[in-house]
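Chemist: Sequences listed follow chains A and B, in order.
All residue numbers for the first sequence refer to UniProt numbering, where the first residue is 1 and numbers rise by one.
All residue numbers for the second sequence refer to UniProt numbering, where the first residue is 1 and numbers rise by one.
Fair warning: there could be bad hints in the mix.
[As the list claims (entries may be wrong)] Under the rule of at most 20 Å between Cα atoms (straight-line distance), these lysine to aspartate or glutamate pairs were calculated in the EDC-like manner:
id: 1; chain 1: B; residue 1: K132; chain 2: A; residue 2: D24
id: 2; chain 1: A; residue 1: K245; chain 2: B; residue 2: D128
id: 3; chain 1: A; residue 1: K132; chain 2: B; residue 2: E109
id: 4; chain 1: B; residue 1: K132; chain 2: A; residue 2: E109
id: 5; chain 1: A; residue 1: K383; chain 2: A; residue 2: D24
Calculated directly from the structure, the hints in this document are not laboratory data.
There are 2 protein chains.
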Amino acid sequence: MATGNKMDMHPALIGSLSPTVSPDKVINFSPGPTSLPKSVENEIAASFTKSGFTSLALSHRSPEFIDILDKTTATLKRVMDIPDNYEILFTHGGGHGQFAALPLNLCHELSDVATYVVNGTWSARGRDEAQKYCNAETIDGKDPQTNKFTHFPELTEEDINVQSKYVYLCSNETVNGIELHRLPKLPESRKHIPLVVDASSDFTTKPIDWNGDNVGVLFACASKNIGHPGLTMTVVRKDLLGEGKASPLCPGVFNYTTNSEAGNLWNTPATFNIEVVGLLMNWLAREGGVAANEQRSIAKSQVLYDVIDNSNGFYATPVPNKMLRSRMNLPFNIKGGDDTLTKKFLIESWEAGMVGLRTLTPFGVGDYLRASLYNGVTEEQAKTLAQFMITFAMNNA
Amino acid sequence: MATGNKMDMHPALIGSLSPTVSPDKVINFSPGPTSLPKSVENEIAASFTKSGFTSLALSHRSPEFIDILDKTTATLKRVMDIPDNYEILFTHGGGHGQFAALPLNLCHELSDVATYVVNGTWSARGRDEAQKYCNAETIDGKDPQTNKFTHFPELTEEDINVQSKYVYLCSNETVNGIELHRLPKLPESRKHIPLVVDASSDFTTKPIDWNGDNVGVLFACASKNIGHPGLTMTVVRKDLLGEGKASPLCPGVFNYTTNSEAGNLWNTPATFNIEVVGLLMNWLAREGGVAANEQRSIAKSQVLYDVIDNSNGFYATPVPNKMLRSRMNLPFNIKGGDDTLTKKFLIESWEAGMVGLRTLTPFGVGDYLRASLYNGVTEEQAKTLAQFMITFAMNNA
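Construct all of the structure, not just a fragment, from the sequences and the given hints.
Modeler: In structure tokens:
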């Protein structure tokens, strides 16, 4: 038992990101915040060693910052193919801020109806927050066979109240490992209802058919694929903006119309965070745009799912439907959740430089570990983990 | 007229922060965001060139970040002498976010009363936002003689509704140049009402008698004296926290109790921004704490007010009462607002490396320029501006 206690205090088991290998050998599989692509991190470092002000010290009203803001918006629109009938907002508050902002902007009355597809931790949190500001109806996304969040429900006419101001979904559930690789089509009779998408954890990793899929609002907190914490990017279709559309209870910092009319300068925006998003968008453009990025995401995740599927049950992932498996976050357990083996895996992978495979969150996933493969993780790094998993399975089968 | 137009397009007149002098000669007098003390900026640069992860890439659940958060909080409490009956929150949303958060946390019902002392741009914005969430009564802080925001009203028993959930004030009005060097005392019969203080632009520059002055909540956006945009620090007295105290309409990201109970991890906090606040607090401790910082603030502002007061009316500041003049933001005009001389001053000072003296904000201050003297500005830099002003006056009187 003494050994067990000692093991529990091992830094690998409490989520340490500082293993004993040389720092340049460390691979960050954290579910976010996490590393950005190396070339972007190098550009950030260079901006802090150049002479003159860094963007930390730039007034948001200065022509220097306005230039950063304009270029970031333009590159983002170009690489993500965002049509001109959409507005880009950079606001405070993170994803949780948007959970409140959405109903407060799209529902004028507390009695207005919105439909929430709940198929995991984040869509549930979004729905719970929305219930303060609208009549949030739920489409239960649990698999009826298992009563677990392991699938995505069909969206039928009967399930979607025709009065809904919007239909909300989370396109990648980081905890449950479920991803919609393309946005779903609403039934013909519900196509007038705008889709609202929490794309916090998969934005930039697949194309979006903005008008074709009737996207009303799509938001992404920056700290997974496009930057670091403290900023949220929200794409809003312009017909949803306008004086008097938001609830009178909407805080100014969350009001889409107010922020849009002020050109993202209604209050002081997170200037440096916006610059980092711009650097990430330049990286995306350099690396072949969103189509090439999707191919990289497929490749990175496939190499790990292949190990899991070919492990004769040594590893298992909770999502049976391969069409819904997340390319961003891969939950897996070891021998059905064997505690000793799971700890051994965590310690040995950590000692080999792989960190972030178990984060101490309040959203328990039981015995599952999780590899997150955002833009900061390369295909080679995913292969390093895959090779480790194969070797570990051979040694411990 | 052609000359006039050409002058209007001069970079100095549109707020450029990049004059033609060598970058290390530039002095940033911006009203915020602005520069941090040089040694803090150097520490930030060093963190980006060390090997291993920067805090941009740290999971907020990792022991490495928790250590940063704990140390930042501890140092802040120590240098600002914050007693144990107060909680420190680091939230999103900036000062404007707190304008909404305050009534949403301290008023359970929309009909609850709060008293707002409005004596400038920011207290007016705070009151306007609060009117969405409570019955915000106003103490008009305009000077009855001039009908301008150039003084601070006496706070009488008659002016403060005894039912008020709080009395709100802004301890430094950046646009109007008015500062309370100590917090006001409420009349004896109103001492049960907690004070709420927007200290966004003067926090760390003078001591606060937390319990003695009955401070209920004090907040500061980071981008003036303690960091960069994307973070707000809020100090909340613990008796104001508790399940069910906030309005049911309070967004989770703004809920003091929720964020306090979650140890600032209810949603992903602005990790890097918090690290920077920690570096600033270490700087404050190294440089003699808040008492020494107040002496520096007095010295920096005095050297400039002396130039103004001794200029025979060449320069003028709008605040007649010296006891209320801001040490943080010094508005001044030139020969009663002479347009040609003002532009000449802006261009010549910019060419000498002094920037940020006029920012293109929506809060017009007429013909006034403004020198802001936050923690990033040294006494020597203030003297450089003073010397420039003296020479300019001699050459253009």
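Chemist: Please go over all the hints and tell whether each is borne out by the structure.
Modeler: Each hint tested on the structure:
no., hint, result
1, K132(B) - D24(A), "violated, 51 Å"
2, K245(A) - D128(B), "holds, 19 Å"
3, K132(A) - E109(B), "holds, 14 Å"
4, K132(B) - E109(A), "holds, 14 Å"
5, K383(A) - D24(A), "holds, 17 Å"
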